[in-house]
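*Asks:* If you want the building blocks of each chain, they are given just below.
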Amino acid sequence: MIYEPSFVAVAVFFLFVGITLGLSFYLGSKAKSSRGYFAAHGQIPWFVNGVAFAGDYLSAASFLGICGMIAFYGYDGFLYSIGYLAGWIVALFIIAEPMKRLGKFTFADALDSKFQSRGIRLAAGISTLAVSIFYLIPQMVGAGVLVQPLLGFPHWAGVLLVGTTVIIIVVTAGMVSTTWVQFLKGSLLVIFSAVLTLMILGRGFETGDGGADGHAFRTLGPFDPQNLEAELSHAGGLSNAKVLPADGPWQATNFVRTTDDDTNAVTVWTVAEQEDGNVLLSEAQSLTKRPDGIILVNGELKGTEKGEPELRPIGHVSRLPGNVERTGPLGPLSFFSTLQESEVVLWGNQKIDETDGSVTTVYFQKPTPGHRILRPGEHPRFKGIRSDKLRDKLNFLSLMLALFCGTASLPHILIRYYTVKDASSARKSTIVGIASIGFFYVLTLYMGLGAMTSGALDVTNSNMAAPLLARSMSEWLFAVISAIAFTTVLGTVSGLILASAGAVVHDLMSSVMGIKLTDHEKVRSAKIASIVVGAIAIVLGILFKELNVSYLVGWAFSVAASANLPSLVMFLFWKGVTRQGIIAAVVVGMTSSLAWILLSADTFTKVYGLSADQAIVPFSQPGIVTIPLGFLTLIAVSLMTKGHAANES
Amino acid sequence: METRNARFGFVLFVVYSVLYGGFVFLNAFAADVMEMTPIAGVNLAILYGFGLIIAALILALVYGLLCKKEPAEQEVEK
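Line by line, the protein sequences give chains A and B.
Numbered by this note's numbering, the letters in the first sequence go through residues 1 to 649 in order.
Numbered by this note's numbering, the letters in the second sequence go through residues 650 to 727 in order.
Worth flagging that the hints you see were computed from the coordinates, not collected in a lab.
Here a beta-carbon is modelled for each residue, glycine too, at the ideal position from N, C-alpha and C.
Heads up, a few of these hints could be off.
Restraint-style ranges between C-beta atoms, simulated for each label pair [as the list claims (entries may be wrong)]:
no., chain 1, residue 1, chain 2, residue 2, range
1, A, Y26, B, E684, 40 to 48 Å
2, A, A636, B, V663, 22 to 30 Å
3, B, G670, A, P332, 22 to 30 Å
4, B, R656, A, F14, 46 to 54 Å
What the simulated footprint calls covered on chain A by chain B, stretch by stretch (three residues with Cβ under 8 Å from a Cβ of chain B suffice, anywhere in the stretch; the number is not a length) [as the list claims (entries may be wrong)]:
no., segment
5, 79 to 92
6, 383 to 397
7, 420 to 432
8, 437 to 451
9, 463 to 469
If we strip away everything but chain B, and leave its shape as in the complex, we get (with noise of 0.2 Å):
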């Protein structure tokens, strides 16, 4: 991995891997859980749904100002 950027990306892929992985397997192997309604009467597939599209954006506006730091690098590579 040469890059800072190309670092931040891996990590923070794999950080959203956990989190989408975790989403499949509950609902292939422990459908159930799905079923519980923790907030508000809203049940965990939809929360854990929203809560997934949610942490893309957020992650991906973390990966935004994080690579923001790194123009030298940028100049380089051109």
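Just chain A, same shape as in the assembly (with noise of 0.2 Å):
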């Protein structure tokens, strides 16, 4: 698909960021002491501090991963909206009160109250930088995927922006000013989140034969599969059509190729064989990437301007209840029962790998009923729930887990905590959120299936689905919503590197290292090591651009899940826990998590290219196996230390 930036995205989009900055400079004056760099001197009123929980945690996952994912294979991506929420359940329940009481900045403090142990404050700093920075690489790698099409930059210029925009941000104001930018994300993202519903309802749907762009993909037929290239001339209406010969790759699909005598190009049909032997052709589309580095659409040279050859946007609804062509305004519910009746047309992708080195990727259509749009399983990442098998299963069941666990461990989450006054803020606060959160969530499913029947979506790329949404609607509004999409990313990466800054030098360098510094020494070395994590976030931005987004957030949450939960939960809720099973925990939660994960089919395949059945762990979702293993760990070692500790004191 080719994107025009827009003059009015791009304007709005600068006006966002340099409110944003402006902000943050005016509220630096505010925060010399590292009280005030840390946790805003514990003064952000509890509303705004709940808001800002929801600008916090609403990343680029959330909005832009499960929007598109709900776009592309329906109702699966809300399963992510459910169990995101939920983990604040968790956070609030057992979390929220005992933290606030407990500690100064971060969640090692928290951790190190009772015990005043170096051992205890390396490994939870450690665990939080590895969280952190697992959390900030989709967070970057999502902020050049937004730039790239909005103002025509290539991806690491995004990621670049983005790095030197946070780091600015952080380095002036800290928890003051990343807190206001969360706040006012928070409420444009839920706002405009409401209007673009309240559109997509007041559209409904209608029928069509593709997307926005006007062209009608066809389907032809039926054809006798002997005699395929003359029929499609005559009664085709493809009257120059030349059938290519399927061979190398291209004998084991159900694909059929046609060139055209005039042009060049070369359109892939899905062949679907009826109950007579006859064949219907549907109009498929095709990327090409040759070894030189040359694109081809539909075998032609990709185009860099409108009206070029590029990938059409897709996304229609092919049949609607009753047959009519237009629903007309729908309401909250009758949105789901219409779609439940209707057909829509997902797209599904082949890669073939060519004899001479090129790669196709073949984007076909599926038809598909409403009824299975809106059911769990349709996702090859869950299909497994289907199977008869208990672990295909089990990949569900584990990343159900580590969603719940993984919102109340997530360290640029807890450390919100500290910037209110006291505890019964730190619940409201978290009330606040709650509703934010939840609220947005909702609205995902209703943006997600809008995008879904918009006819605007770029079918290379799921995670562009609602800014095109926006797109479809109004320009305007999809200028407001990619600047709220990128200052997004700008309020959860300050999040992450202000928890990730307090790591190294609250944690770390002080209590560790033993370096004794001075309150305003502290704060100097703490935006030092905000402009080095900065630096390393856009360095590893730009070199995962390729990882799926979701993916690398799931793997944050199975971390923190399985290094933090465990030792919080139990230092919080049992007398007989120690210095040395807090520690132990900790570091078996966070190296068993992560080699399960460097171990799974998923990184085989998207990282090191190996094939799925090489991976040594039974499936991809560490969480609940190592969830409970850091538990264990945690109850085991204290239990065999409690002696020591007796002794010592």
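Since each chain sits alone in its own frame, please combine them into the complex, following the hints.
*Replies:* Quick look at the structure:
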């Protein structure tokens, strides 16, 4: 798909960034002490902090990733919405108040408040850094993905832009400006998502043959497969069509290729066999990457401007209940009941390695009945729930467990408990957070399904689904939503960098290495740490650009839940916890989940480029193994070392 | 569990875990149930999903209201 940078979008975008930076400088004067830098003096009002929770938490993965997943596959993306939100229940009911009572600035503070141990500080500090960096990579990748079509910049420029802006924000004012940026972003995201949802409901559904550009995807036939070329010319209306021989890797597929004598265009068709032996051909699209770097779309050189060869936008409804052509405005429930009885054309893709070294990806139509779109288990990652084997279901169970446990363990969420006055404010702000986040996640289902039927999707990139949906409604809305999506990344990245800087200065430098710093020096060191972590994030964001965003966030959740949650929960509720138990639990949780991920099928195929069969662990999501492992380790080691603790005191 | 607040929190957490667990196990072991359309033509998957989100908010508000009655404990802990 060719993206034309929209002038409006660029203007609004830079306006947003400008306001964000301006706020940051203005508030910068107020944060001179380390208490100010890390915890905003504990003076953030609870309502603001609550909405800032939402602004912090609703990252690119939520807005872009979930809507994109729903747009391409249906209900399954919503499972992430449910899991992400459920994690807040753990945060509120188990963690919030005890945490507030305990520490000063960081998660390691809380764990260490009883033991004053360097070992705990080291383990917790490293865990914070590891989780924050894993969470940072998808945000930076997401930034590049967003900026590319918006501003026409290459991916690395988007990453650099985010990284630099965030570093400026974090260095100038720390937690105060980060909080207000996140408050601003959180409110705007929720408000404009609500506007977009109302527009989706107001538009309703209409049937079509193709996307918003008007191109109708043809379905031709029925033809006799033995006589294809002749019948295509006569009955199919393709007068100069030649059928290309199915050689090499094309033999095993159910695609057929035709060329046109007049142009170089090659059209790929999906062959659907009917009961009487005849076949129907439905039009597909193809993208070929040649070894010399040249890219072909449907056999022709990929264009750079509108009107030249490009992949067409997709996402249309092929049949509505009662065979009407449009439904008119729908209500929040009739939206689903109508879709339930409709048929929507989804798109799949298949990679074909050609004999000359090119890689062709065929994007083909998959007309899908609505009742399948709205049920769980259609996405490849979740197909296992319909299998009879327990092992296939374990991946799903493990992921839902990691999401449930992960939120409360994220360091950049935990530090936000320290920015309010007292436990009661911590509680109230979490409630406000849950309300905002929950409302937003309800909207993601509408936005995702609205994008699916908008006719404006880029078939190669699900991350752009929500912004492209907005564009199909209104240029202004697109500009605002893209700018919000971008500041979404700014908000989350700021929080993460701050958590990491806190870990470095407060935990690793002051406590573990014993470096004595004055308050002023601590703040300065934190700013330097922010720049370093920011730079690392920029580099990694550029290197990992091919990796799927929500997949990386899943990593971060699993590691956080395995490393942090067992020690945090047991520390808060069990008297028998010992220093060695905590250290062991954090280390074992972190390394076991990391090791599991590195040895899993997903990593083997996506990162190492090896086959999934060679993977060492039976399923990809570690949570269901490593989270209990963390708990068991803590209990076992604490029981073994409790004698020592008694002797020491 | 030292304080009343913590106990409320734990009870509400268990309630939610049961609701969430029900959702997860239905999806994993009885996925066809999720396709049923009990209300207004909307399927159980969507109703239950929305239900979990609304339940989270309701339980959070209940927790907030219950805890409000315990200001004395907060004074003691400070």
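*Asks:* Can you tell me if the segment 437 to 451 of chain A counts as covered by chain B, using C-beta to C-beta distances under 8 Å and a minimum of three residues?
*Replies:* holds (count 4)
*Asks:* Please check whether the segment 463 to 469 of chain A has three or more residues whose CB lies within less than 8 Å of a CB on chain B.
*Replies:* violated (count 0)
*Asks:* Report holds or violated for chain B covering the segment 420 to 432 of chain A, Cβ cut-off 8 Å, minimum 3 residues.
*Replies:* holds (count 7)
*Asks:* That 46 to 54 Å hint for B/R656 and A/F14 (C-beta), does it hold up?
*Replies:* 52 Å, holds
*Asks:* Should the hint that A/Y26 and B/E684 are 40 to 48 Å apart at their CB atoms be regarded as holding?
*Replies:* With a Cβ separation near 54 Å, A/Y26 and B/E684 fall outside 40 to 48 Å, so the hint is violated.
*Asks:* Regarding B/G670 and A/P332, is the given constraint of 22 to 30 Å on their beta-carbon distance met?
*Replies:* 27 Å, holds
*Asks:* Take the segment 383 to 397 of chain A, compare each residue's beta carbon with every beta carbon of chain B, and decide whether three or more fall closer than 8 Å.
*Replies:* Contact hint for the segment 383 to 397 of chain A vs chain B: holds, 5 residues under 8 Å.
*Asks:* The segment 79 to 92 of chain A covered by chain B? Criterion: 3 or more residues, Cβ-Cβ distance below 8 Å.
*Replies:* Coverage by chain B holds here, the residue count being 9 at a Cβ distance below 8 Å.
*Asks:* The hint says 22 to 30 Å between A/A636 and B/V663; measuring C-beta to C-beta, is that right?
*Replies:* Given about 25 Å between the Cβ atoms, the range holds.
Taken one by one, the earlier hints fail for this structure at numbers 1, 9, listed in ascending order.
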